[in-house]
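Asks: Residue numbers (the numbering used here), protein chains in the order written: chain A, -6 to 92; chain B, 15 to 384; chain C, 594 to 931.
Hints in this document: simulated from the structure, not taken from any laboratory.
For each residue, glycine too, the CB sits at the ideal point set by N, CA and C.
Be careful, since some hints might not be right.
Below, in silico cross-link-like pairs of lysine to any residue (SDA-like), each with a Cα-Cα straight-line distance of 20 Å or less [claimed, not checked]: (1) C:Lys725 x C:Ala884; (2) C:Lys731 x C:Arg618; (3) B:Lys150 x B:Arg131; (4) C:Lys731 x B:Lys150; (5) C:Lys734 x C:Ala646; (6) B:Lys150 x B:Leu110; (7) C:Lys734 x C:Arg618; (8) C:Lys731 x B:Arg126; (9) C:Lys731 x B:Leu110; (10) B:Lys150 x B:Ala174; (11) C:Lys731 x B:Ala128; (12) C:Lys734 x C:Ala635; (13) C:Lys734 x C:Leu601; (14) C:Lys731 x B:Arg131; (15) B:Lys150 x B:Arg116; (16) C:Lys734 x C:Val615; (17) B:Lys150 x B:Arg117; (18) C:Lys731 x B:Gly127.
From the derived model, a few chain A residues whose C-beta atoms are all more than 10 Å from chain C [to be verified]: (19) Glu7; (20) Gly16; (21) Arg18; (22) Thr20; (23) Asp47; (24) Ala56; (25) Glu60.
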Amino acid sequence: MCLAIPMQLTSRTEQEGTCELHGVRRTVSLALCPEAEVGDHVLVHAGYAIGRLDREEAEATLALLDEVLRQELPPGEPGTGPGGSGAGPAGGSAGGGAP
Amino acid sequence: MTGPDPFHDRARTQALGERIRALAAGLPRPVTFMEVCGTHTHAIAAAGLRRTLPPNVRLVAGPGCPVCVTPVDYLDHALALAARPEVTIATFGDLLRVPASRRDSLERASARGADVRIVYSPRDALQFARAHPQRKVVFLAVGFETTMPTIAAALAEAEATGLPNFLILSGSKIIEPPLRALVQDPELRLDGFILPGHVSVILGADFYRFLTEDCRVAAAIVGFAPVDVQQGLVELLEQVRNGAPRVANLYARVVTAAGNRTAQALLDRFFVPADTRWRGLGAIPRSGLVLRPAWAHRDAARLPVELPSPLEPQGCRCGEVLRGTIVPPECPLFDRLCTPEHPVGACMVSSEGSCAAWHRHERHAAEVGR
Amino acid sequence: MNPRDPILLAHGAGGRATDDLVSGRFLPAFDNPFLRTLTDSAVLEPLPPGRPALTTDGFVVDPPVFPGGDLGYLSICGTVNDLAVVGAEPRWLTWALILEEGLDQALLQQIVDGAARAAREAGVLVVAGDTKVVPRGKGDKVFATSSGLGVVPPHVDVGDHRVRPGDVIVASGTLGDHGAVILGSRHGLQSELRSCCAPLGGLVRVLLGSGAEVHAMHDPTRGGVATVCHEVAGRARCRIELDEAALPFRPEALAVCELLGLEPLYLASEGRLLAWVRGEHADVALAALRAHPLGRDAAVIGRVVERTAAALPLVLRTQSGGSRPLDRLTGIDLPRIC
């Protein structure tokens, strides 16, 4: 029920706008997100835009994630093996890591 | 299908899984984390994430499914209203099959002739009320802080456009009191939370400061892709290892520090916290929202109806599932008397309920060989 | 009676008003020597050699007119396709309507025109019909029932009894477009998506004539691909594995599912074929389908394997490398889709 989908705002009036996802358009209320501008990506929940998607932040989160994966764990940690986490797709352990 | 999505990336998923295992290996004792939001429970089950965790990291599902925590007497009240000839019940689809007392439900009431309509938005209910001025449209306001602002916005629109026949029956819940209660639960001994993503869009990351200052538990706000949840677990493990709990915002692409001020203001305009009962958790002080007295004319609870005495289903252990103290298969009714086709408790009906998620994705784990 | 009047109870009474409907709307649309007799039953010609096949279906789709089709077109295609997928040549159809008092006759004509167009495209004759009118509030504009009679030629033997491990499952095109269009239009979603509704007789003929060994065919209507696969797995006592990465979905159909919280594999398709083909003949089958206008996006979507004692009948191999079971549909998530 917390289903909220990112859609792009393609046009708007004072109260509502048209949002689009992969060619599907719907009318969305902007009552909770009056500052949204045409071209913005917004999160749509139950027919209302509830927030804007910050593309820079999206990229920053991914960059942070990849940075964390590249980091070595502090030395002396049991179970990490030589050279730290060595994270990467080739990193062997098959044990159900992929959902 | 629709192109590669970096948040569903298989390589990152594997790397994060290894990272989690490496961090867990350095823990002095087992840890227990809880994901609070029903949508997270669903996403975690669909990705089979629980199974990939090392044995000393336990991830339990919490009471963040608004349908699951709706008590039986709320449904009874909705059914009593539905029996009034001038009432149209407008509801999100999730509530349709939730059992009320004596195995009744909105679905059955509809078959008996009650006017029950499924809507995807409170605006649909507003539109119906406008088109049918002779009907009293009662919207079943169930949800957390993601959904309640949309209902507040609908009420604002009803007020602004002079629409007298749009009312709500409030069954909403707010997130802070149960979080505090769960932290204090001696059976659970929680070390950290995976915090809800979309509730946080409304409330803002700063809202959860009490988890650090008062409760001293680890916390991370994350999105809904498997990679997001795993990233959250890595963060929680590091907070625990370093003994430095904080609220990490890993969903900054939509969650800001302050949250959605417009939505918060609308909530405050129409609602005020009140003591509320949660299915399975009992009464939690100031844990739900009710309409302020000024909006009494919008409150469907004021319509005169006869309410039966509520009857919880026999043998149902939804409460313990919601608290995270048992997993669904430990309920004796699970997959025997209680199935998605014939649900006994709310946790099995809602698509976000722990029992429904488990039944769909996890009960055949051994067979599927994951 | 004035053709611009709404449908009245008199139109179903069997008197002059009914005659006017028949002679004014139905006969001109479906005209053929059998129907023209207007008698109690159509007495047909002797059947060609082979086994007769008979099917029936009711149609209550809401809304009755949608992008890519209407209830009339859908009802004829649906019946034709039920015959085509068992290997029968569809020949003669019936078409019975239950109309709600007050129905706009322009809408009725649109439905009739749709049915007539479908019959022409499919090369079938509507040889018998009926019209009833129910009081306002006792129906919902128009319901249709259609039965179809065809003949399975002597050399054709298609059915779930022939499905075996090693078979591949081929889909003739993008899935779920019909369901997405219907549900989308009910919930205020607009897009360029159109129902994929179409008669499949020609496509089936091409597939059966391709040289590929075709074991079974189904059209994944109500309940979608997952429901059909569950039924086949049950009847053939096998296990089916579908490949998420190979499933052909239009982005718009997936977007509708995301926005409405639906699962694409349970969405109805109309005018689409699922074929269980001997594994070694997959390429031959694909080539034949893709050469036909209705099969351009044909793809292999899964395979049949042995089912061991405790195994699940239907699983989805996910894009991230895992797999999850696909259960039977519960509840009314997708009402009045066809």
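Asks: Which earlier hints can't be squared with this structure?
Replies: As far as the earlier hints go, 1, 2, 4, 5, 9, 12, 15, 17, 20, 21, 22 are violated by this structure, in ascending order.
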